[in-house]
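These protein sequence lines are chains A and B, in that order.
According to my numbering, the first sequence is numbered sequentially starting from -14.
According to my numbering, the second sequence is numbered sequentially starting from 3.
Don't take each hint at face value.
What the hints assert, rightly or not - Distance condition first, Cα-Cα at most 30 Å in a straight line; then the derived BS3-like pairs of lysine-lysine: (1) A/K173 <-> A/K183; (2) A/K217 <-> A/K99; (3) A/K147 <-> A/K169; (4) A/K173 <-> A/K217; (5) A/K217 <-> A/K45; (6) A/K99 <-> A/K129; (7) A/K167 <-> B/K107; (8) B/K107 <-> A/K99; (9) A/K173 <-> B/K107; (10) A/K147 <-> A/K173; (11) A/K147 <-> A/K129; (12) A/K217 <-> B/K107.
These aren't lab readings, by the way, just hints derived from the structure by calculation.
Read off the chains here:
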Amino acid sequence: MIFESGQVYCKGFFPPISIMILNHMQGKKSLPIVIIVAGVVLAAGAAFLLRRSDADTPPKIEDRVVDTGAGGHLRGAPDARVTLVEYGDFQCPSCGYYFPIVESLLEGAPDLVKLEFHHFPLIQVHPNALPAALAAEAAAEQGKFWEMHDLLFQSQTAWSAKPSAEEDFVVMAQRLGLDSEKFKQSMKSDETRARVLKDVERGRAAQVEGTPSFFINGRPVHPLPQSVQAFKQIVEEGVASK
Amino acid sequence: MNLRAAATAVVAFLGMVDAMFLASSHGPVPCRLTGGCNDVLHSAYSSVGGVPLPWFGLAFYLFAFSLAVLDLTGAGRALRWLFWPALAGFLVSVGLVGIQAFVLKAFCEYCLASAGLVTTIFAISMFSRLRPIPDILQRTPSPD
């Protein structure tokens, strides 16, 4: 450091911001600090407004009723008043985000809501989505669709970036106590593939454009609620409208 | 008025807004232009050592903004310290856009915007470097 006329300088690569600030404090010039703090506060405010404008769009159940198609996997009480249909993709991060939300929704109102899951793998952007759907269907053949469904979402970040996650799915099947040879055969079978593709066809017919797509008693939910509470509210509206 | 510092301040401010928006995002973000935001933001490449990338971006933009403000308010030719960090930021941005294009095959508009902002800051910084800047030590401090 070199002291010169009461000012402090520091020669070096790293920017001597603190020293510049110190110099200014000595000269009672706190203007830069004020501007920097104001800039940060303004930026935080702008970011907050952007976030809120997005979150403020209230979730809605559309008025139209869509034929969401039969054949989905059911979870919950068969006579529950609300059927929540989900068209999902196991590799889609947003579906992974909604997994715990839907879980707690079902746990919170087991007699009120039942879930009907349909496959809608976005094969163009998610190379492991179709194999994951096939894995869930192969597990379904041994009676463990929902166990595999949960495991796939819970470990989504671990397998989704891999070039091929099929080995991971076999390990998952073993963890679930499935017959792994039978599981591998099911994953490769044409019937399993046909079941998944049939779901995709149903989704297209129901005008599913992205994942996850939710329907409450056949009515599309759009925009999607972003929290468990908001989802609960939407479901209660679904009960009221039935 | 130092135009380069003013431009850097404006671009860094926009970068702070973008980075704060991403750092504060919980759940899916709207993605009207590129469609792949959530795939990118939730990918294995979205954090380093458990720290989400937007926080690194925010640190860079705050640094650039601070230097630009110090420069503008006459606290010294602070912008000269931005070149190497901006070069590093630019190279990281090129890498991240590459990951979006070739690995994830999904684009996030907020991330592309950030890459554009870092590139702009780097371009301004490079332009500044092309012109000789007197050494800070040679400067006679103005008497207060």
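Quiz item: Given the hinted pair A/K173 and A/K183, is their alpha-carbon gap at most 30 Å?
Solution: 16 Å, holds
| message | Would the hint linking A/K147 and A/K173 be met if the CA-CA limit is 30 Å? | response | 19 Å, holds
Is the hinted pair A/K217 and A/K99 satisfied, with a Cα-Cα distance of at most 30 Å?
Within the cut-off at roughly 13 Å; holds.
Verify the proposed pairing of A/K167 with B/K107, using a straight-line Cα cut of 30 Å. 33 Å, violated
Measure nothing beyond the straight line between the CA atoms of B/K107 and A/K99; if it is 30 Å or shorter, mark the hint as holding. With a Cα-Cα distance of about 35 Å, the restraint between B/K107 and A/K99 is violated, given a limit of 30 Å.
Hint consistency between A/K173 and B/K107 [alpha-carbon to alpha-carbon, up to 30 Å]: Given pair A/K173, B/K107 holds - Cα atoms ~26 Å apart, limit 30 Å.
Pairwise hint evaluation, A/K217 against A/K173, where the allowed Cα distance is 30 Å at most:
Violated, at roughly 39 Å.
Check your understanding: Is the straight-line distance between the alpha-carbon of A/K147 and that of A/K169 30 Å or less?
Key -> 19 Å, holds
Quiz item: Would the pair A/K217 and B/K107 pass a check requiring their Cα atoms to be no farther apart than 30 Å?
Solution: Cα-Cα ~35 Å, so violated.
Would you check the hint for A/K147 and A/K129, treating anything up to 30 Å between C-alpha atoms as holding?
Holds, at about 24 Å.
### Query
Are A/K217 and A/K45 close enough, with their CA atoms no more than 30 Å apart?
12 Å, holds
**Asked** Taking 30 Å as the top limit, are the C-alpha atoms of A/K99 and A/K129 close enough?
**Response** Measuring from Cα to Cα gives roughly 17 Å; hence the hint holds.
Checked against the numbered hints above, the structure breaks hints 4, 7, 8 and 12 and satisfies the rest.
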